[in-house]
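Given chain A's structure and the hints, the job is docking chain B onto it.
Each chain, letter by letter, is given below.
2 protein chains.
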Amino acid sequence: MAGRGEETRQQILGAAIAEFSQHGIAGARVDRIAKTAGANISSLFRYFGNKSLLFDAAFDALAVRSIDVVPFDALLLPEYAGKLMDHYQANADLVRLSAWYQLERPSEGVPDPVVASEGNKLEAIRQAQAAGAVSTQFAPHELLSMILHLSLIATGATPIISATATDFDAARRSVVEAVRALTRVEC
Amino acid sequence: MAGRGEETRQQILGAAIAEFSQHGIAGARVDRIAKTAGANISSLFRYFGNKSLLFDAAFDALAVRSIDVVPFDALLLPEYAGKLMDHYQANADLVRLSAWYQLERPSEGVPDPVVASEGNKLEAIRQAQAAGAVSTQFAPHELLSMILHLSLIATGATPIISATATDFDAARRSVVEAVRALTRVEC
Numbered sequence: 001m002a003g004r005g006e007e008t009r010q011q012i013l014g015a016a017i018a019e020f021s022q023h024g025i026a027g028a029r030v031d032r033i034a035k036t037a038g039a040n041i042s043s044l045f046r047y048f049g050n051k052s053l054l055f056d057a058a059f060d061a062l063a064v065r066s067i068d069v070v071p072f073d074a075l076l077l078p079e080y081a082g083k084l085m086d087h088y089q090a091n092a093d094l095v096r097l098s099a100w101y102q103l104e105r106p107s108e109g110v111p112d113p114v115v116a117s118e119g120n121k122l123e124a125i126r127q128a129q130a131a132g133a134v135s136t137q138f139a140p141h142e143l144l145s146m147i148l149h150l151s152l153i154a155t156g157a158t159p160i161i162s163a164t165a166t167d168f169d170a171a172r173r174s175v176v177e178a179v180r181a182l183t184r185v186e187c
Numbered sequence: 001m002a003g004r005g006e007e008t009r010q011q012i013l014g015a016a017i018a019e020f021s022q023h024g025i026a027g028a029r030v031d032r033i034a035k036t037a038g039a040n041i042s043s044l045f046r047y048f049g050n051k052s053l054l055f056d057a058a059f060d061a062l063a064v065r066s067i068d069v070v071p072f073d074a075l076l077l078p079e080y081a082g083k084l085m086d087h088y089q090a091n092a093d094l095v096r097l098s099a100w101y102q103l104e105r106p107s108e109g110v111p112d113p114v115v116a117s118e119g120n121k122l123e124a125i126r127q128a129q130a131a132g133a134v135s136t137q138f139a140p141h142e143l144l145s146m147i148l149h150l151s152l153i154a155t156g157a158t159p160i161i162s163a164t165a166t167d168f169d170a171a172r173r174s175v176v177e178a179v180r181a182l183t184r185v186e187c
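Protein chains in written order, with my numbering: chain A, 1 to 187; chain B, 1 to 187.
Honestly, the hints are just simulated from the structure, not real lab data.
Virtual Cβ for every residue (Gly too), placed ideally from N, Cα, C.
A couple of the hints might just be wrong.
[Stated by the list, open to error] Derived CB-CB ranges, DEER-like:
#, chain 1, residue 1, chain 2, residue 2, range
1, B, R32, A, L53, 21 to 31 Å
2, B, R4, A, D169, 26 to 36 Å
3, A, H87, B, E6, 47 to 57 Å
4, B, R4, A, T36, 43 to 53 Å
5, B, H87, A, K35, 21 to 31 Å
6, A, S43, B, D60, 40 to 50 Å
7, A, G5, B, R32, 34 to 44 Å
[Claimed, not checked] Quick look at which bits of chain A chain B covers, simulated, 3 or more residues with Cβ under 8 Å:
#, segment
8, 21 to 32
9, 91 to 99
10, 137 to 143
In isolation and in its complexed conformation, chain A is listed as follows (with noise of 0.2 Å):
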């Protein structure tokens, strides 16, 4: 019975991370995310309490299933850009989620696990650079910034507008080559 309570509450977050990427919080509709899993309302709300504690866990459960998924190396950071860029590129859902709370969830403390995996990664850069692998040009956090956003060209799920289509891996080429150029040492 538990078993089977624990299915029916991963369907349900299963089903709400694609209704909650397509249509943001306000936009989602709870009676399709029931329909989806095959589930019927009320256990919805059983399990979830409301459409915007459900949109909380399933943005928890994708955000701290996707940390990590992309290995962080701080001695390979053009490697992991391209890397994030096939990441994104095979889980739009997961860049749409994340955009959606950042436009709606504006003053929402970020998840533990999040902010722990940003700590290791701003620490690796700093030891790279003590190390004198990585260019001491830019902060460990700026430096950081810039490469997960230069990663995002690809997405379509960014405030820039462009009537140019995206021509996947060219942008990869690009993206990887720019961050060769802001981190190697010699120059």
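Below, chain B without anything else, positioned relative to chain A:
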């Protein structure tokens, strides 16, 4: 009478920009827009049809109004990036409205003036590269896209979730230097 109608129309448009920027299309409430504009809801519908069309009008007005407010200069790309960041900092409405547009209007065409402006920028970069003033390491479209995405790092309106508070001045200095590194001819 025509003047008064146009005034009402502009007031509704201004209130719509603020409301949509805050809440997006699904989350916006037309009764709140009418109230803010000091108009009644029937004139809102008479002027703009429905919520979705009102969003389009608000977006077009804002997008067209902000085109080339920051003059583009292919010979001063680092400075352009810095000024764009200032512009985004001073006009959070514009950035958020564009973010909602990307999420809630994914299949919408890009407004003509935006297309034309982008074409001009790409041509200017092409000429600057041909003249040897800008590195040819990146194709014009990829270079422009990277510059625009770097310029977003302090907006909080991208899918990048960070626990670190943004120091705008530090971010601006980094982006200007980064664009310099990506565009300089000798390295």
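Which numbered hints turn out to be false for this structure? Violated hints (numbers, rising): 2, 5; every other hint is consistent with the structure.
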